[in-house]
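Novice: Following the hints, put chain B in place on chain A, whose structure we already have.
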Amino acid sequence: MSSSETANMPSVATRLGLANWRQNIIYIGFVVIFLVFAIALHDKGFLNPNNLLNIFRQTAMIAVMATAMTYVLSAGEIDLSVGAVAGLASVTTAMAIDAGGPLSGVLAGLATGIVVGTFNGLLTTRIGIPSFLTTLAMMGIARGVAMWISDTAAVPIISRTYSWIFGGGSIGPIPILLVWMLVLGAIGHVVLRKTGFGRRVLATGGGETAARYSGIDTRSIKFRVLVISSMAAALAGMLYAGRLQSGRFQLGEGDELSVIAAAVLGGTSLFGGVGTVIGTIVGALMIGLINNGLILMGLEFSQQLIARGAIIILAVALSQSRK
Amino acid sequence: MTFVAPAHAVAMRGVTKSFGGVKALVDVDFAVEKGEIHALLGGNGAGKSTILKILNGVYVPDSGTIEVDGVPLTEHTPEAARRAGIAMIFQEMSLIPTLTVAQNVFLTREAKGSFGFIDDRTAERRAKALFAMLEVEVDPKALVGDLGTGQRQLTEIAKAISQDAKVLVFDEPSTALSVADVERLFAFLRKLKAEGHAIIYVSHRMDEIARIADRATILRDGRHVITAPLSELPVETMIGHIVGRRSRGLSDVVRVETAVREPLLELKNVSGAVKPRNVDLIVHRGEVVGLAGLLGSGRSALARVISGIDPIFEGEIAIAGKAVMIASPKDAINAGMALIPEDRLRQGVIAQHSVLSNVTLAMLDRLSSGAFLSAERARELTDEQIAALRIKAASRDHAVRTLSGGNQQKVVLAKWLATAPEILVLDEPTAGIDIGSKSEIIHLVRELARAGKGILMISSELSEMLSACDRILVLSDGRVMDDIARADLDDPQTTGDDPVMRLQAAERKLQMVIQRALTRSEADHHVQ
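Quick mapping for you: the protein sequence lines, in order, are chains A and B. Residue 230 in the numbering used here sits at position 230 of the first sequence, and the numbers go up by one each step. Residue 108 in the numbering used here sits at position 108 of the second sequence, and the numbers go up by one each step.
Worth flagging that the hints you see were computed from the coordinates, not collected in a lab.
What follows is a set of in silico ranges between Cβ atoms, one per label pair, in the way DEER data are often shown:
id, chain 1, residue 1, chain 2, residue 2, range
1, B, Arg83, A, Ser170, 52 to 58 Å
2, A, Val32, B, Ala320, 57 to 63 Å
3, A, Ala317, B, Arg211, 50 to 56 Å
4, A, Asp217, B, Gly70, 28 to 34 Å
In silico DSBU-like links for lysine-lysine, alpha-carbon gap of 30 Å or less:
id, chain 1, residue 1, chain 2, residue 2
5, B, Lys191, B, Lys53
6, B, Lys193, B, Lys166
7, B, Lys128, A, Lys194
8, B, Lys141, A, Lys194
9, B, Lys141, B, Lys193
10, B, Lys112, B, Lys128
11, B, Lys112, A, Lys194
Small disclaimer: the values here were computed from a predicted structure and weren't measured. Virtual Cβ for every residue (Gly too), placed ideally from N, Cα, C.
Just chain A, same shape as in the assembly:
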């Protein structure tokens, strides 16, 4: 279509044609899956407002963690510890609320994120252990600590205020979890697209040597994205705790895969340099949508796992097939 005017620069035509298609596949896929479920499951209450709001409630934690994961992947790193950190933070928060009230609970949760993130960041940037390994090890450590300090038992949260703000509440018909997701998503999007920090994150993942030559402290960038990721994971854990009115070490188990899948589905590159928070949020919603639809279809858990895996592979394959 625009080939005549760009004949002397075919690469640009390729980019306009393919990159847009690639970027938009997630949105198209989202709409297609939504329509399929709306038709196939209309008699099972898929379109019921309550069901749709439920999808948001179930997706919010994944979306919060995936927003931060977008930064980590964009900087060319990865964080596998997010699910375990969410579980640990839910436990520390619940225990601190029990001991000192909601405020100390919030502080304890955030502190958990900062401590874990600092470890991940220091090990990765100062000692030079690849973040894949650092965070894989941290996954076990965080989960283990959570089990140990909670004695593998759920820690109940009695504070109504806390449960309302972090998970259970709603403003009119809008669940508070949706608010968390949208506010953090919006901040995440603007910071990545519009600030010097966001640009440095993308530059670090896009070409680390070139970024360093351009005067960017790439180690500091990597450190910071890993801390951000752990803090987002801790916040997700606090949201889980608020929603379920308890902290449990099992919370967030396996979430790291959904979180990474959400980001990659949305168009963020596993190889760094390319990331979009809006895409990530839609990717997270898509995963929530698929889970919800498969449950309504009455599939067994085993079948759900298989179907979900297949759909994610298909979507990622479509979104990644460049050239």
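Specialist: Okay, now just chain B, sitting in the frame of chain A:
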């Protein structure tokens, strides 16, 4: 206009730098004025890249001083050099492919709009204005990853200019550029010069130097040889200074006339996707054929096509009179060919693996019985090769990484010799290795030829090529421009017993042939 201020743009005095025991630079003076294009010349290992890296803050000099615009540089870091106004135009090194042109130009100095948010529209406008001022066409919105080499280079230059660089260093900038892009680059360099920028220009292409540079400094073996205006340096004189009087080492390779036998490797009209183009070539049994030419002349591309790494586009390849289809490296190996690749550490060896596992890598099939490797036979084979090539390693189980460059290269050779190939293609077999190993490898090449192998050898070091080869093909722009018997390069006037002198005379002659081939191939290009 030209000399705006009395201070030199750059003045390096008495710069010395050693790596381990090797002196890379000895007491070198190098000064560049504002508003001049200053060529920096020298053969491989002359010290050009070392002095540039010192100027750029990558290396710290052992002694000597650097002044930029009259101000002494006290701190030797890339950051300090950049602040002083020195910009190195790397081949794509400082650009991020996933960002746009404008985003790259203003990286870390982004235009800010309301709320302190990045304003890419303003950056694009400013980049556009910058390119307009420089009178070049680059789309500020394009992704750098989508640009061609010429456009990337312009983006790098724009980035440097926007950072207020006063001294621009170009290291072989034209290598990857098309003829038209080179013209554009030159026009652009003249403009920068007129604006008072100092430009340091490194190239092996004498014709380019003659066209663009005002003065030249020539280094040889880490020492300053001469600095003079181009008007006083005709190409012959430049080559004379670059070649100079080399130390002995290679000249002890005695080339006995080997009996050239039947043709072993024949190429008819072979072309690759871009290079090589329509190459005809014959290597006989017992013959070493050299491929000479500058970077980008298509020597390595030809080697890759022959050995099945790059696809052949047209033409045919015959081995021992029989046409063969070579569509993959495996086909080439089965046909009796072995490529000793250019990039030793990436393509040649697995550096963290042992000598044994590297030497046996290409013939695992022949060392296995069933699914199992015979450790016994692998050890025997490795020990044979270590002895035959005199590889100096603590043991066959030590990682190749722990060996010296010369011994690493011998491991690569051992790996391929173990497969008993008929034809060897050697791409820069002695790059970055010490003179002792170098001459051992050249001896080995001669021995292999005497044993009836056919050898194709690429080297940028002409003295080495002259020592090893029976015949030299000169390539330019992917084509074979000349086919010269080694004996024809001997200068009948330079007789006498000194082999060093004879080698140097031949080297000067070959240099001239290469430069002429370049001019001719470009003339062809313009006609087309």
